[in-house]
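Visitor: Top to bottom, those sequences are chains A and B. With our numbering applied, the first sequence covers 1 to 289. With our numbering applied, the second sequence covers 1 to 544.
Treat the hints as calculated values from the structure; they're not laboratory data. Values in this document were obtained by computation on a predicted structure and should not be read as measured data. Please note that a few of the clues may not be correct.
One-sided and incomplete, this derived list gives chain A residues near chain B with beta-carbon spacing under 10 Å [claimed, not checked]:
#1 185
#2 190
#3 249
Simulated DEER-style distance windows between Cβ atoms [claimed, not checked]:
#4 B/494 / A/246: 55 to 63 Å
#5 A/205 / B/336: 33 to 41 Å
#6 A/61 / B/298: 35 to 43 Å
Just so it is clear, CB atoms sit at the ideal spot from N, CA and C, and this is done for glycine as well.
Chain by chain, the residues run as shown.
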Amino acid sequence: MLTFFSDTDCDITPKECAEYGIKLISMPYTVNDKVIYPYVDWETFDAHAFYDMLRGGTIPTTSAMGEEFYEKLFEPEFAAGNDILYAHFSAATSNTFTIMHQVLDRLKEKYPGRKFFEVDSLGISALAYNVVMEVADMVKAGKTGEEIEAWAKEEVPHFSMHFFADDLKFFRRSGRVSGLAATMGGLIGIRPIIHLDDNGVMVSIGKETGRAKAIARLVNTVVEQGDKVKEHRVVIAHSDCPAIAEEAARQLKAKFGDDLNVLIQNVNPTIGSHCGPDGLGICFHAIHR
Amino acid sequence: MLQTITSTLYADMLRQGAASLYKDKTVVNDLNVFPIPDGDTGDNMYMTLKAGSAATAGKEGNVGETASAAAQGMLLGARGNSGVILSRIFAGLAKGLEGLEKADTAAFAHAMSTAVQEAYSAIPVPVEGTIITVLREAFEATLVDTTLEEYFENLLSEMQVSLDHTPEKLDVLRQAGVVDSGGAGLLCIFRGMNEALHGIVASEEAAPDTAPAAPALDLSKFAEDSTLEFGYCTEFLLRLTRAKTDIDNFDIAEFVAWLEANGESVVAFRDGTIVKVHVHTFSPGEILNHCQQYGEFLTLKIENMALQHHQESNRNNASFKRPKEKYGIVTVAAGAGLIEAFKQIGADVVIPGGQTMNPSTQDFVEAFEQINADNILVFPNNSNIKMAAEQAAGLYKKADVRVLPSSTIGEGYYGIASTDRDCDNVEEVISSVMEIMDSVATGMISHAIRDAEGDGVKVVEGDFVGYQGKSILSDSPCRKEAAEALLDKMGAAGRDVMLVFTGEDVPQQEAQALQGELTAKYPNLEIMFNNGTQPIYDYIFVLC
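Turn these sequences into a full structure, and let the hints steer you where they fit.
Guide: If you want it as structure tokens, here you go:
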């Protein structure tokens, strides 16, 4: 049997997990020295309260998980004779996957017959969500781990996401975006446009003055670089700016038609701790990233 | 009949010059080419001259030394462009009088010629129809072969003639129906100097010390449980004495180096046998004990800086011995909200001031002293503050100080927010900041102090006036209407972002209503309102 894991950094919620049979790994964040596990320590994500806390100046931190964490997750599955499929957020954005692989190397020796299938979405939030949901569709359709890995190798590079952030202190603090000049920031209305590259690394690729232009740029990117856009989900993730997300959805539908499968969701708190409030990203199927 | 100007007389002439200007400084202020209440030429020139006059206190010796002391005082005390130019005029006079025991007509006229040269060289592109024209034309038209009294009488008449003709030379003056304010201020000063020649010397009250406007001390700011966070602002005049030191071999450089090693914000210079010291320290006693080795104190002032409101608003918490950074940023703004906004986007020191309260050269030097950085970038946010900033930059040696000529709050705000502190190449940083400053437009709303007509807009006294740079773009008895018309003319519809700083006189309700209306009117414009609480300007609109 194949056990399908994903994590909360992919914006996956218990609702999708129930529908698609996903085991949800809760990736924690720390507020004032208190470690909080999404959907464990609370049931529903109050995005507005969370991002308001960030607006107020409280900035959570995140850290890589320990070996024990992964042992407890994966060993019982192998012990029970199950194989594992894990579709996760970009390994390039966290050290946690190095630790995970150390654990897996040991478990593979202990359980030589068992298989671990891995899909790195090379993305976070909307991008990771989109890939995980494609994988979920395939699991539901009865595809094997091998087939899914082969699909991922071919298809993950076609899922593209661009986003803008409002307050750059979050990115500057975490140092996870390259090419981020100081010429930007929500306080003066100039926002960087950030792209997740082929390796799942966040790179600033330009800037737009004013939110209207920033939204238009993201929508135009979907038009210009999109490929078979309507055959896949278009995922809009936002950090507590629903009206702007609705506007982006409206513009996308105006370009592609009302039957475009657009989903709007909250950026999860762990990733949100790094990108801050009032950011917006769009993930779509592209010719190439 | 008076034949010569002695040291004492020169000091009296400065003092009476200041008194004369003080009497008429409101008239000079009101010679504002803009019909709004932000004219400040009279104040700036007065405070600058007053700093020069104060520097001559207790001066003995020859007229050259006294003139030099006055020039040094004015150099640091200069405020506003008119003040900076005035300081250069007096620096020119000092240059001409250098080495002279006393000055007769020919010597003073020679000093006037060096003053003209110095004033013209101080301005990169001299504009005729201003203070320098009044100085030069009067100098050129006045005969030298006379007594000093006659020379000054003639000089004054020629200054008046030249001043009356300034509107013919400068369109902005003609349109506004005023003569040049700097020239008028200069005439007031020379009138006073002439009075001193005739034995009229002002009492202290006739030229009160108005600069800087000292706020009332709030003793509750340092209470029983307070800890000393900012130290003491310590200022004194030290007379070097022969009993204590070898005056001829007194090493001022070594003296200053000791102060710098033991204090902060050191401004110290020697003038004859007097040493003027300004230092921030946690232990004023140690500073005083050290300095008393060389002489005795003439004046002494020590204040706990926690009580100094303007100082406090100036500094971040850890101004003492901050770790050295690549860049430090100094800017100028008025209004608690605006000052805070500037700090939020990265200004290290915000000097309280603006169009009606120009910081002096010394204010800038003290701001630089609070920063520990390789490069200091200065954003004056007003074209009338630029020269004092540049003068201070020229005096300061502990960092590479660059003045980025932001002429509006909007340019400064965007410029500072865009400063890439991680970039090692200062030229690159400056050029990208200049580029973004160029892309910003700033418009302001104030109220009219007189009827006027300019750029096709009829301004009615008491109305609200909207303007951008030197162009008046709107006028209305209703502030909101004046604001909306201004934004129309500035092309807000074609812009992407607008920052709004509301002034201290604007009710919150009105600002909210305006925000709602503008948001509906310009759906593609990202509008951000900030409570700037600035004086004079009810709204500052920054379009990008």
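Visitor: Next step is simple, just say for each hint if it's right about the structure.
Guide: Tested hints:
1. For residue 185 of chain A, the interface hint holds, since its Cβ comes within 10 Å of a Cβ in chain B; the closest pair sits about 6 Å apart.
2. For the restraint placing residue 190 of chain A at the interface with chain B, the shortest Cβ-Cβ distance is roughly 7 Å, inside the 10 Å limit, so the hint holds.
3. At about 17 Å, the closest approach between the beta carbon of residue 249 of chain A and any beta carbon in chain B exceeds 10 Å, and the interface hint on this residue is violated.
4. With their beta carbons about 25 Å apart, residue 494 of chain B and residue 246 of chain A fall outside the hinted range of 55 to 63 Å.
5. The given range of 33 to 41 Å is respected by residue 205 of chain A and residue 336 of chain B, whose C-beta atoms sit roughly 39 Å from each other.
6. Look at residue 61 of chain A against residue 298 of chain B: about 57 Å separates their beta carbons, and that is not inside 35 to 43 Å.
Hints 3, 4, 6 from the earlier list are contradicted by this structure; the remaining hints agree with it.
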